[in-house]
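**Q** Each chain, letter by letter, is given below.
2 protein chains.
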Amino acid sequence: MKIGIVGLGLMGGSIAKALNHKHEIIAYDISNEALTYALNHQIIQEGYTNLETFFHETNIIYLCLYPQIIASFIKENQRYMQKGTVIIEISGIKTSIIDDTIPFINKDIDVVFTHPIAGREKKGVSFSKETIFHNANYVIVPTKNNKESSIEQTKELAHEMKFKNISIISKEEHDDIIAYTSQLTHILSLALVNSDPKTYDTFRFIGDSYRDLTRIAMINEDLWSELFLENKNYLLPKIDSFIENLTNYRKLIVENDIEQLKEMMKEAKNRRLKIESGGKE
Amino acid sequence: MKIGIVGLGLMGGSIAKALNHKHEIIAYDISNEALTYALNHQIIQEGYTNLETFFHETNIIYLCLYPQIIASFIKENQRYMQKGTVIIEISGIKTSIIDDTIPFINKDIDVVFTHPIAGREKKGVSFSKETIFHNANYVIVPTKNNKESSIEQTKELAHEMKFKNISIISKEEHDDIIAYTSQLTHILSLALVNSDPKTYDTFRFIGDSYRDLTRIAMINEDLWSELFLENKNYLLPKIDSFIENLTNYRKLIVENDIEQLKEMMKEAKNRRLKIESGGKE
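Listed in order, the protein sequences are those of chains A and B. Counting from 1, one number per residue, gives the positions in the first sequence under our numbering. Counting from 1, one number per residue, gives the positions in the second sequence under our numbering.
Hints in this document: simulated from the structure, not taken from any laboratory. You may find that some hints are simply not true.
A pair counts as met if it fits within one copy or between any two copies, since identical chains are not told apart.
[As the list claims (entries may be wrong)] BS3-like cross-link-like pairs, simulated, lysine-lysine; straight-line CA separation at most 27 Å:
#, residue 1, residue 2
1, K251, K198
2, K123, K266
3, K75, K107
4, K274, K198
5, K266, K122
6, K232, K262
7, K2, K269
8, K269, K122
9, K171, K232
With the hints as extra help, turn the sequences into a complete structure.
**A** What follows is the structure in structure tokens.
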């Protein structure tokens, strides 16, 4: 197959690397630099800065754009696409994007909304890496318009990229659980670094725990600020629930309640061990 | 040298492995199982369950016990130690342990209070690993009683274990910065797991960010509940400062203040990048 990538950044580049063993990969980007890099490194076979020409060449496209421009991109450009084109969208948010996009999609194309739960704390095609998808989780959020064949093709490609679990859920379920597993997690990491008292040379007093918890604070703030705001309805209650739990730890420490403290810690440990073992008790 | 280890768990075992290339290692533990394991795996050369005999064999000892029993262990057992014995204590808390221990230490022994900032989310000698110390941070908290030669010997051994930065600071400074870099970090990881809404099969919707932030929630609750309580005076203000920062993120999200949100994120990113580069801008 000839697979198209729109937006050749970290994710687009990683998808290209994960699929270029078996398929021809072509990419559209506004940056000549990204295209040249990808061509020089044999990540893609062809690069385009002209959308119309690009759409002529492919009818299956990964859309790797920032959340807030996805709806308008599809609205403005779908008329140039080939009849029967399948667009696979990959952002970390679903409800607002689906609600904004669905009313405009013409019946000649099929947009599959997905979320590969993978990434790196870097941006740009030069940091792309196909292994970020290995054994990772993938989510597909079908709409009533999706053809069964488009969903199947999306799944097949996810298997080729070596994703492990592929889940089919609703947009609301996606945004609810991802607000917890992903967005809350990033905010905690950020707030931990922002809390640095700066009284000491922090780097001389950290261990792997601090390093691990703060790695994702080296964030792409343009992307993640959009994700936080777009998903605020689900994210705010997750922040509140976290503060409630943290305040509970605080209270038990104030009261020297070591038994209850250990209970909460054991509950967390057992739950995390269950996750480690892939959901098995 | 013949180096003694009191308490052959994860840390004692890791110290033994890190030093047994150059030195003879002997260990005391109440558990025959731990000693047998370590003997069978050539981690130590001799194992003892009798303290008096053990103290006869060595005059430099790593004390690898839980925080709350360190003072009483020294108080009760120092009379059996050889004159001139150097005890290197390694727990993650300093003020309370030093204050509890100093009044009782007899002048024939020298106790050096240190903190190797390294560990694993497992317990027991079978999980010990010398590489946890490679490029890690080490802290020495000298007391007015310490002989210069004891401090030098402790440093020399830390270098042999391949620690990177060795810092000499006061007990208050240690507990203040460690409350932030280590104890707060562990509580955040725990509270994140405790906040799991449990509505979905969480493991199907996590990425590396959630995995990294929650790894240390697989905690040794006996050890860490002691560390939290012993260091509460420094830890509670760190929790409060974190909640303040998190609440600030919450407010900016509620107000859709994307510019200020990005500012806070950039501040965190730049600070974390500075830590990544070992303190250099």
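**Q** A separate judgement is required for each hint: does it hold in the structure or not?
**A** Status of each hint after checking the structure:
no. : hint         : verdict
1   : K251 to K198 : both (26 Å within a copy, 24 Å between copies)
2   : K123 to K266 : between (37 Å within a copy, 14 Å between copies)
3   : K75 to K107  : within (12 Å within a copy, 82 Å between copies)
4   : K274 to K198 : between (37 Å within a copy, 12 Å between copies)
5   : K266 to K122 : between (34 Å within a copy, 13 Å between copies)
6   : K232 to K262 : between (33 Å within a copy, 15 Å between copies)
7   : K2 to K269   : neither (46 Å within a copy, 38 Å between copies)
8   : K269 to K122 : between (30 Å within a copy, 11 Å between copies)
9   : K171 to K232 : within (14 Å within a copy, 43 Å between copies)
Going down the numbered hints, you'll see the structure goes against just number 7.
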